[in-house]
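When you get a sec, could you build the whole thing from the sequences and use the hints?
Protein chains: 2
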Amino acid sequence: MNLLIVGTVAFDALETPFGKTDKIVGGAATYASLAASYFARKTGIVSVVGDDFPAAFIKELNQHGISTEGLQIKNGEKSFFWSGRYHNDMNTRDTLETQLNVLANFNPIVPESGKNADFLLLGNLMPQVQKQVLEQMITRPKMVVMDTMNFWMDTQWDALMEVIPMVDVLSINDEEARQMSKEYSLRKAAKKILQMGIKYLIIKKGEHGALLFNKAGEVFFAPALPLEEVFDPTGAGDTFAGGFIGYLARTGDVSFDNMKRAIIHGSAMASFTVEKFGTQRIINLEKREIDDRVKEFFKLVSFSIS
Amino acid sequence: MNLLIVGTVAFDALETPFGKTDKIVGGAATYASLAASYFARKTGIVSVVGDDFPAAFIKELNQHGISTEGLQIKNGEKSFFWSGRYHNDMNTRDTLETQLNVLANFNPIVPESGKNADFLLLGNLMPQVQKQVLEQMITRPKMVVMDTMNFWMDTQWDALMEVIPMVDVLSINDEEARQMSKEYSLRKAAKKILQMGIKYLIIKKGEHGALLFNKAGEVFFAPALPLEEVFDPTGAGDTFAGGFIGYLARTGDVSFDNMKRAIIHGSAMASFTVEKFGTQRIINLEKREIDDRVKEFFKLVSFSIS
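Chains A and B, in that order, give the protein sequences. Okay, so the first sequence: first residue is 978 according to the numbering used here, each after it adds one. Okay, so the second sequence: first residue is 978 according to the numbering used here, each after it adds one.
Accuracy of the hints is not assured; some may be wrong.
Which copy? The list can't say, so a pair holds if one copy fits it or any two copies do.
List of simulated lysine-lysine pairs, DSS-like, C-alpha gap at most 25 Å [stated by the list, open to error]: (1) 1276 with 1192; (2) 1159 with 1119; (3) 1237 with 1272; (4) 1237 with 1192; (5) 1176 with 1237; (6) 1237 with 1168; (7) 1176 with 1165; (8) 1182 with 1019.
Since the hints were derived computationally from the structure, they do not count as laboratory data.
So this is what it looks like as structure tokens:
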């Protein structure tokens, strides 16, 4: 396996100003692996679901070339469930309900085929669980990307600080970067967070794009595409991360210049996700659509100096 | 005169989380003309001040090659004064005091030398005043850029709609674009606003950069430089507009590609303004500093597709 993705596979119920859904399939590993599948070959997920999870969707993942060998199915248990309502600005949301279910005692098991993966994405999970995955790897991946959230900063700071030096790239949003660093300026925040032991920091700014920082003080900015309509932002960050690491896994190149391209590809994938509910838009993309979208990003920020 | 800039020349008193100022010189035409002076030759301003305005500052403008022939000085009257306090996030502010003073009855007079200017910047003023200036021009400028604000949308909508079709470029912020179009999506907002009769729309997003739209549906995004510290955002938008039109005036080229470069130059100038209080940072810039900053913008968003 070339790319291993650890994260939730779950149910979401969403309300946006444009409509609402019943339980639909969501979860960080779902979005990330689907996004990555358009680039990387031999992608596998490590996750857990209950016996309520539709076999048809697992088949769908497999048809995208995603190995579900590491997906545990717990009989008699229910899948993780989250329900939320977006405000009119689509940037803020309220959680209506969270049912941890199978996630409460998630013990990730990396299948043999994944223990030598060159690329590893640690989706947002309890820091200890992320660490457990890292410890199962036989060879240190070429690149480990990690997501986390404010909740773990509030409740598991020490555990988080233990995992962070073990990864290469941390991917968080602007508010999380500010909370983590206690700095308002994202440039200052990045400097502080990089000192916590990672090589690269990605700060996601939602509809305002994303920033990539390295330890040498270099910074790259990837815009978000101004869209006619953001229909449902759920999964955008996970799609971004999946597209990012999927592109790196396909090219095998972890230079800063290639990371820039990877961020653009991640942003392009995320721009599709928000166009429809759930995974609808990214489940059947054509290569041509992705190439065109990447070109749109290129055109959006291209200028010559004189 | 090649570039004519109409707008306030005034006093500001500012409070930021980093400190406060007594009355210092501010005003849209001040920031815009100083920014433009690094590019355009033969720039003039049309504005009004009271006899409390320091002659030394007028001399300073002149030393930047800015003609103050069109600057009326009203004896026995006081200059426009605004005082405000920025919140911790530096993105929002409260107005503490506004004294219109000489601005209450401002009757702009374009000097003979300015009536054939190729480039015209109509800073944020009552729409009728902006129109009065346009009507004094003998030849239609190559490009007219106009700023406005939510206050005129609330109180002078019809007058605003009369001026807008007379200009080429409208420059407003994201909230104003949303208010003006009643659309949340900036892409949709831009479409509607362009239908009101302008050729180009610039939407300023503060620390999130700026978007340039044309009628053909093209869009360009200029990022803001992630800065270590934003010390005082006052005048950033005016500096941006001045740098933008100043660059156009210097090059004489109003193609969409050159407008992209102009936006980057405007953004670069604005990134200096916010580093110190008032006009301190932009009053003594060296060409080399500006060139370096423009290169930083270029580097910030540069990537190759494959």
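For each hint, the structure was consulted:
In this assembly of identical chains, residue 1276 and residue 1192 lie within 25 Å of each other by CA distance solely across copies; the values are 16 Å between and 28 Å within a copy. For the identical chains of this complex, residue 1159 and residue 1119 are neighbours neither inside a copy (31 Å) nor across copies (48 Å), given an alpha-carbon limit of 25 Å. Taking CA atoms no more than 25 Å apart as the test, residue 1237 paired with residue 1272 passes in both settings, with 14 Å inside one copy and 17 Å between copies. In this assembly of identical chains, residue 1237 and residue 1192 lie within 25 Å of each other by CA distance solely inside one copy; the values are 15 Å within and 30 Å between copies.
For a Cα distance limit of 25 Å, the shortest separation of residue 1176 from residue 1237 inside one copy, 15 Å, qualifies, whereas the shortest one across copies, 33 Å, does not. In this assembly of identical chains, the alpha carbons of residue 1237 and residue 1168 lie at most 25 Å apart only when taken from the same copy (19 Å versus 30 Å across copies). For a Cα distance limit of 25 Å, the shortest separation of residue 1176 from residue 1165 inside one copy, 16 Å, qualifies, whereas the shortest one across copies, 39 Å, does not. Taking CA atoms no more than 25 Å apart as the test, residue 1182 paired with residue 1019 passes in neither setting, with 30 Å inside one copy and 41 Å between copies.
Checked against the numbered hints listed earlier, the structure breaks hints 2, 8; every other hint is satisfied.
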